[in-house]
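K.L.:
Residues per chain, in single letters:
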Amino acid sequence: MSKGEIYQVLLETKRYWHYYLLSLFFMILSVGSDLWIPLVIREVIDEAFIREDYSRLTFSLAMILLLAVLSGGMNFLSRITSEVAAQKTVKDIRNDVFDVLVRQDIAFFSSQETGQLLTRGTADIEAIRRFLSMGSRISMQGLLVYFGLLILLWNIDRVLLSLVVFLGLPLVFIMAMFGKKIGPLFIKQRKLFGDVSTVAQETIEGITVVKAYHGEKIQKNIFKSQNHRYFELQLQIARERAIYIPLVFLTIGVITGLVIYLGGVTVINDVISIGTFVAFITYLVMLALPIRFVAWFLALYEQARAGSARVYEILNRKPRIVETESVPISGSLKGDIFFEDVTFSYSRSTPPVLRNLNLSIKGGEKVAILGSIGSGKTTLVNLIPRFYDPDKGRVLIDGIDVKKYRLRDLRKKIAFVGQDTFLFSTSLKENIAFAKPSASMEEIIRASKIAQLHDFIETLPEGYETLVGERGVRLSGGQRQRVAIARAILADASILILDDTTSSIDSQTEQELHKALAKVVEGRTVIIITQRLGNLRLADRILLLKDGQIVEEGTHSELLARKGLYWDIYASRTIDPKLAEMILENLTQERG
Amino acid sequence: MSFAKRFSQDTSRKEREFSDLELLRFFVGFLKPYSKLILAILGVLIFGSFLAILNPLVLKIAIDNYIIPKRRSELWKITTIYLLVVLSTWITDIARIFLISYLGQRTVYDIRNDTFERLIDLSMDFYESEESGRLTSILTNDIDTIADFLRNGLTDIIANLMRLIGLVAIMLWLSPGLTVVTLLVTPLVGIIFYYLRKYARGAYRSIRQSVAKLTSKLAETINGILVIKVYAQEERLKGEFASINEENYRANIKQNVIVSLILPSIKTLSSTAILLIIAYALWRNQIAGQTEVSVGLIVAFIRYEGMLFDPILSLTMFYSLFQSALAALERVKRISNQESSVKEPENSVIPSDPLGEIEIDDVWFSYDGGKTFALKGITLNIAPGESVALVGHTGAGKTTLGKLILRYYDPTQGAIRLDNVDLRKLSLDYIGRRIVLVPQDPFLFNAPIVENIRFGNPEASIDQILRVSKLIGLDKVVAKLPEGYDSIVGPRGVQLSQGEKQLLSFARALVSNPLVIVLDEATASVDPFTEYEIQKATETVLEHSTTIVIAHRLSTLKNVDRIVVLENGKITEEGTWSELIELKGAFYDYYRAQVLSEMKGIIRTSN
Chain G
1 MSKGEIYQVL
11 LETKRYWHYY
21 LLSLFFMILS
31 VGSDLWIPLV
41 IREVIDEAFI
51 REDYSRLTFS
61 LAMILLLAVL
71 SGGMNFLSRI
81 TSEVAAQKTV
91 KDIRNDVFDV
101 LVRQDIAFFS
111 SQETGQLLTR
121 GTADIEAIRR
131 FLSMGSRISM
141 QGLLVYFGLL
151 ILLWNIDRVL
161 LSLVVFLGLP
171 LVFIMAMFGK
181 KIGPLFIKQR
191 KLFGDVSTVA
201 QETIEGITVV
211 KAYHGEKIQK
221 NIFKSQNHRY
231 FELQLQIARE
241 RAIYIPLVFL
251 TIGVITGLVI
261 YLGGVTVIND
271 VISIGTFVAF
281 ITYLVMLALP
291 IRFVAWFLAL
301 YEQARAGSAR
311 VYEILNRKPR
321 IVETESVPIS
331 GSLKGDIFFE
341 DVTFSYSRST
351 PPVLRNLNLS
361 IKGGEKVAIL
371 GSIGSGKTTL
381 VNLIPRFYDP
391 DKGRVLIDGI
401 DVKKYRLRDL
411 RKKIAFVGQD
421 TFLFSTSLKE
431 NIAFAKPSAS
441 MEEIIRASKI
451 AQLHDFIETL
461 PEGYETLVGE
471 RGVRLSGGQR
481 QRVAIARAIL
491 ADASILILDD
501 TTSSIDSQTE
511 QELHKALAKV
521 VEGRTVIIIT
531 QRLGNLRLAD
541 RILLLKDGQI
551 VEEGTHSELL
561 ARKGLYWDIY
571 ASRTIDPKLA
581 EMILENLTQE
591 RG
Chain U
593 MSFAKRFSQD
603 TSRKEREFSD
613 LELLRFFVGF
623 LKPYSKLILA
633 ILGVLIFGSF
643 LAILNPLVLK
653 IAIDNYIIPK
663 RRSELWKITT
673 IYLLVVLSTW
683 ITDIARIFLI
693 SYLGQRTVYD
703 IRNDTFERLI
713 DLSMDFYESE
723 ESGRLTSILT
733 NDIDTIADFL
743 RNGLTDIIAN
753 LMRLIGLVAI
763 MLWLSPGLTV
773 VTLLVTPLVG
783 IIFYYLRKYA
793 RGAYRSIRQS
803 VAKLTSKLAE
813 TINGILVIKV
823 YAQEERLKGE
833 FASINEENYR
843 ANIKQNVIVS
853 LILPSIKTLS
863 STAILLIIAY
873 ALWRNQIAGQ
883 TEVSVGLIVA
893 FIRYEGMLFD
903 PILSLTMFYS
913 LFQSALAALE
923 RVKRISNQES
933 SVKEPENSVI
943 PSDPLGEIEI
953 DDVWFSYDGG
963 KTFALKGITL
973 NIAPGESVAL
983 VGHTGAGKTT
993 LGKLILRYYD
1003 PTQGAIRLDN
1013 VDLRKLSLDY
1023 IGRRIVLVPQ
1033 DPFLFNAPIV
1043 ENIRFGNPEA
1053 SIDQILRVSK
1063 LIGLDKVVAK
1073 LPEGYDSIVG
1083 PRGVQLSQGE
1093 KQLLSFARAL
1103 VSNPLVIVLD
1113 EATASVDPFT
1123 EYEIQKATET
1133 VLEHSTTIVI
1143 AHRLSTLKNV
1153 DRIVVLENGK
1163 ITEEGTWSEL
1173 IELKGAFYDY
1183 YRAQVLSEMK
1193 GIIRTSN
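Chains G and U supply the protein sequences, listed in that same order. For the first sequence, our numbering gives the first residue as 1, with consecutive numbering after it. For the second sequence, our numbering gives the first residue as 593, with consecutive numbering after it.
To be clear, the hints were calculated from the coordinates, so they are not data collected in a lab. We treat Cβ as the ideally placed atom computed from N, Cα and C, and that holds for glycine. Hints should not be assumed to be uniformly reliable.
Sample of chain G residues lacking proximity to chain U, with all beta carbon distances greater than 12 Å (derived) [said to hold, decoys possible]:
#1 S162
#2 E465
#3 S507
#4 Q549
Mimicking DSBU-like on lysine-lysine, the simulated pairs with C-alpha atoms at most 35 Å apart in a straight line are [to be verified]:
#5 U/K925 with G/K191
#6 G/K334 with G/K519
#7 U/K809 with G/K563
#8 U/K925 with G/K403
#9 U/K809 with G/K224
#10 U/K805 with G/K220
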């Protein structure tokens, strides 16, 4: 199953096949030179040392030097080409991962840990790169040395040849066993490491709760036990390595011992020369090097396999929200929104959050949505920019099903300020201008003024250039919300959705904000979800949501007159009746 | 430029709190409990080096004393010795791999536990100034870097240095002349390294920078995905990411060109050394007119020469591992050295009669060491079971006062007492269990709902949890989830809305049976009806708890026993709801403004 993903990685390398081929070519030259050197040494020993014939000595020594330089040079070129190929492949994969990632639907992101996703884009891809560059080189080099040896030995001595052939068999067996044992352990290692880091992350992020309930001991114990599991697994891996890797050297050593004996006997019998014997021993040493890397190769392979499985889980995932007809939107929308018999649930096993909901909002209308927790307010507005698609029914904007629009165009026409106000760790200016990077400073300041943010920014020593987060200032909840609102104002969209975005702003600032906002939203469709009646000032109409259906709608006075849910939940509980009457009277007089 | 100057330039990292020596001492501290194990490892390493050096020597003897003199019948003897060396090597290999891994993993396990425990015991002010992602990365990546250094860098360098000494010794013993010839190329290797390293360091740095950029771009994209989708900025970010990716690619290629030079040049030099060995041997033999350098000796020297380059290679690896380990150690040590500003008392007192009386006695508090004061002489007594609301503008000091009651900070001046005992004399454990905070932005663990509630009180029974959930209306939320109370809420509770999270956080507080509870805007995202239900529930469940409420929505405060108005770090008004309304002071103004705002909202929709 996971073999499939590493196959996909290999397919990815096809684009750069000529690099790999070139690398192989250089490698052959390098290994060839390497293998040639002992042959020259053999000649020197047999002729110069034993027979004391120095006629070819200078040539031989020059040959060694030449081969040494050639081997090094070619090895370098081979490394570089395989590295370039691997880096190019990985760069492509990483770009693809990013592309596919940002195309995924919101549902996907809310089901994933940030840290886990991050690992896929960084460490997992890095594992693939290491495998492609080093892994390919190690395996090529090992195989070339081994087969080169076989060819050479064919001409030297058949007995020794058969020894080398048989040397291969136990080694292959040992390595296969090792791979089989260690593979699953590597996968488990990743998982357990992830567990350790998840506990750490959760404890640190939730430190207020941990401290508030004195959960330090609990968290310490959880961390300790996860850490211990990771430790135990590491020991298990160490045990396997301690069993298998020395076995490889033992095999080579035993074979060398046999060569000393059998080779020595053939030398004594004058079947082969002492020079040949020395060359042969040198070859065995040479062979030990790539074999030493086999364990490393296996580790690289297993890590790449696990890594590619995780990477391709993203790459192979189809986003659920896709364009059907890609109708472009040019200019602005009128802003008519129509929900037609919409039913929606987050998963098949949960009851629907919206049930056969019908709703019509006219272009330029301002609507407030009230409702208790879990009544479906946020879900409802999430369907408009297509963060989710309804299970049944349709959502129409300007008479066209939202599914038919080009997704990018649709979202550019809708400014949505959610409950969770995310700020990028860039400057305040860039944060505000996120939707419109080309915005001029005047536009940014105008938007900030409306969002009641400008005065605050002016108090900062670096003003709009102040960095947010990590190295910059930490903003309070209310300030963050106002940045998000300024961002939405600057987006200049036809539809503005505010999902409880003033919960952390104090009432005085909120009032100012409303006053300023009212002018900007003229002519645009506005949907505002709120728990505060003050926010109703922006609305023409109130919708009351209960259990995924609209149960009451109308103006305040219409709803009051009904003495229904609205009266019960809001009007009667939030406002002191005596005071309200008094103020209402005042206001009516003012208006009159 | 002199060697020393370059070296010092490169190692002078900025913002360093500890010297390398201090860091190493800190590191050695973790190794101390395993001194016996370390001795055993050293023994194994020494024996292993001895065997490695012995191996070519046995081969030499086989060639010179048995094969060339054609002592066929005795050849088995030296073969047996060779095999014995091989077998001993096998056993030491097993011991070496296992013992070194054990030491490394064990130490890292200790460091990780120790760091986590120190970290979690630090007071809240530390967390308020640190990025959570960075702290997590210290516990995971940094500590792994230290492990890597211990397993690969440190033991490798020790093993190789020991072998190097043995190698040179045996080479000198066998033939001083050949030793000199063999070592001739080593200065060349040194020079090559020196220059490559210089370039490599710069290249490594640019890789690290581009990787950091890549990671933070990715992290930000994942965390901010909603905003990105809202404003359809995917294409722009793709472009930004692709250009950082390209930068990373270039840095990698540059670094690889340099690193790829190292091994091939060593190989070339190593083969050149073979050439020198042979040439020297022939020259000596010719001068002497007899075999002074035997074939066996040449074979042994060719092997020794090959082994000579291992220590040099590991030295290059060691340097980068060592530098990253130092950087990691520095971050770990910083946590270990961090003093909690809130300290556990030496002799803690347990109040004999826990009632929940809070006495705030002329409390002054400054965040910036006395330049400005957030609280300026607050004196307030809260009776057991009383509910008190703190009201005021942003920055008036409400939240600060709340934090002092929870002992996140200690007052700069004055004292806070719980049941007549100064908070600083109570154990942190006692304060943690008895004084509970319900924050505006609740944190949920990626665990089942029931576990999240139980975090407030591990002994809470299912009945208790169900009862509390029903009281505040959480049961209706839970009913909609696929697995009810066993549903997992997702990382940080992403599967739930803000209001639902606040509800759950409230349930957690209600089962915890606190003496004192601080509600900091705990229901800001909850609808008025649910808020009303929560209030009723709080009144019944926490009847005997002292309650401190911080709230913006003033209409929710009608039933509290007392309202305290804070302005600019001072108490300006105090009294019951109706008293303060009648007073027509600051509170009345706030309230009037709020109602006015709400009424304006209503008026607008009335037409």
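K.L.:
None of the hints should be skipped; say for each whether it holds.
P.N.:
Consistency of the hints with the structure:
| no. | hint | verdict |
| --- | --- | --- |
| 1 | S162 | holds (18 Å) |
| 2 | E465 | holds (19 Å) |
| 3 | S507 | violated (5 Å) |
| 4 | Q549 | holds (14 Å) |
| 5 | U/K925 with G/K191 | holds (27 Å) |
| 6 | G/K334 with G/K519 | holds (18 Å) |
| 7 | U/K809 with G/K563 | violated (52 Å) |
| 8 | U/K925 with G/K403 | violated (55 Å) |
| 9 | U/K809 with G/K224 | holds (32 Å) |
| 10 | U/K805 with G/K220 | holds (32 Å) |
When each numbered hint is compared with the structure, violations occur for hints 3, 7, 8.
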